[in-house]
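Construct the entire structure; sequences and hints are all you get.
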Amino acid sequence: MLFDMFGLGTVPLTSVAHARREAKRKLPRSIYWYSEAGTELRRTVRDNRDGFKEIGLKARVLDSHEPRDLTTTVFGREISMPLITTPAGFIRIAHPDGELGVARAAEAAGTAAGIGILSSYPIEAITREASNVWFQLYMIGGREGSAIAMERAKAAGCEVLIITVDFAALSGGQDYQRGHPGVPDRVDLPTAIKYAPEMIMKPLWALDFLKAGLELRFPNAPPLNGNTDLTAGQAGAAIMTHPPTWDDIAWARKQWDGPLVVKGITAVEDAHRAVEEGVDGISVSNHGGNSLDGSPATIRVLPEIVDAVDGNLDVFLDGGVRRGSDVVKAVALGAKAVLVGRPYIWALAAGGTEGVRQILEVYRAGIEGTLKLIGCPSVQDLNPSHLRLPPTFNP
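Read left to right, the sequence shown gives residues 1046 to 1440 (my numbering).
None of these hints come from the bench; they were simulated from the model. From the three backbone atoms N, C-alpha and C, an ideal C-beta is built for every residue, glycine too. One or more hints might be untrue.
Pairwise CB distance ranges (calculated) [stated by the list, open to error]: (1) 1108 - 1278: 33 to 43 Å; (2) 1314 - 1118: 26 to 36 Å; (3) 1188 - 1105: 43 to 53 Å; (4) 1122 - 1296: 22 to 32 Å; (5) 1312 - 1057: 36 to 46 Å; (6) 1176 - 1314: 31 to 41 Å; (7) 1105 - 1189: 49 to 59 Å.
Mimicking PhoX-like on lysine-lysine, the simulated pairs with C-alpha atoms at most 25 Å apart in a straight line are [as the list claims (entries may be wrong)]: (8) 1299 - 1199; (9) 1103 - 1417; (10) 1098 - 1299; (11) 1098 - 1069.
Laid out in structure tokens, this is it:
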């Protein structure tokens, strides 16, 4: 009982559900609920997961069970499996390893690491840990600030730029967080007093956080009105001040000469426009249910988005991917790869770099096992014929 209460000990992770339980056990209540996230009634959060549950798989059990080929090529770079860590802001709050740990784990797994502009470590430090880093941009400071951030990411060695477009116009409050103080905006005496009861209950997390430093910084955010030390609240307000438009996407296309991905597309009309603007990829995403509650599950709209772009760009997906079989389902419906967020954050909270490495291997084992049981030799060969689709899916 005391073991669970105070968040003591670490055990090898065997599933995303296991990582979630360990994160809940180890993190202060407010920090854990920050990782859960979601807006209003969290309908979209649940729908993302439920969409995968509606899709069945066709078992072909007498086919060869030799090791399957999980590799795929994305923007000219081979990755060991069709799974990438999606960018997430300020994850050092979950564990001191933060984005450095995620980058190390992704590199060890042979895949790409998505890193957000609101990361806790400088992008230059992160790219020293991984060779395939995708940099995610919010338009903090408008085009002027974005140009600074993009140039810095390019100089650091980032080859892929992700522009997230579905969060700057955040529509609803996080009702599920009522009763929780939320993540601190700054570290000062009143904040310390406010969070003291939670920190006492999770002493190992508190000790790690204190050792790593109290400052809550965003070193990759461009200067804003001469201020280079934004608090979480200031950074959030800056994101809302400059919601991107299609004109901004066209501008960014001219500024960035590498692969450009627009993240947050769920409408066919927007998919068509992305093709017109010459972007290289889109992520079918509703921000994990953190933007417009009631928007459709990403896996449900994936087939129509894939059909709309007609092979003119790569399609990715995020939202609700909790096991290797979910990755297989998304790829079979046309996704080039999936991006995962909450699962690796929970794994980071549970075990730092090693926790993330473990959860990526859990996904790998799940993908390979599913391929074996459906008789498919590689992820390249996946298609809708491997699935049992309900009437709501029309690939």
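Checked hints:
1. 1108 - 1278: 33 to 43 Å: Violated, since residue 1108 and residue 1278 (Cβ atoms, about 55 Å apart) do not stay within the stated range.
2. 1314 - 1118: 26 to 36 Å: Hint holds: Cβ distance 29 Å, inside 26 to 36 Å.
3. 1188 - 1105: 43 to 53 Å: Once the Cβ atoms are compared, 52 Å apart, the range 43 to 53 Å for residue 1105 and residue 1188 holds.
4. 1122 - 1296: 22 to 32 Å: holds (26 Å)
5. 1312 - 1057: 36 to 46 Å: Given range 36 to 46 Å: holds, Cβ gap about 41 Å.
6. 1176 - 1314: 31 to 41 Å: holds (36 Å)
7. 1105 - 1189: 49 to 59 Å: holds (56 Å)
8. 1299 - 1199: Roughly 14 Å between the alpha carbons, so the hint for residue 1299 and residue 1199 holds.
9. 1103 - 1417: holds (11 Å)
10. 1098 - 1299: Given pair residue 1098, residue 1299 is violated - Cα atoms ~41 Å apart, limit 25 Å.
11. 1098 - 1069: Judged against 25 Å, a Cα distance of about 24 Å means the pair holds.
Against the hints set out earlier in the document, violations occur for numbers 1 and 10.
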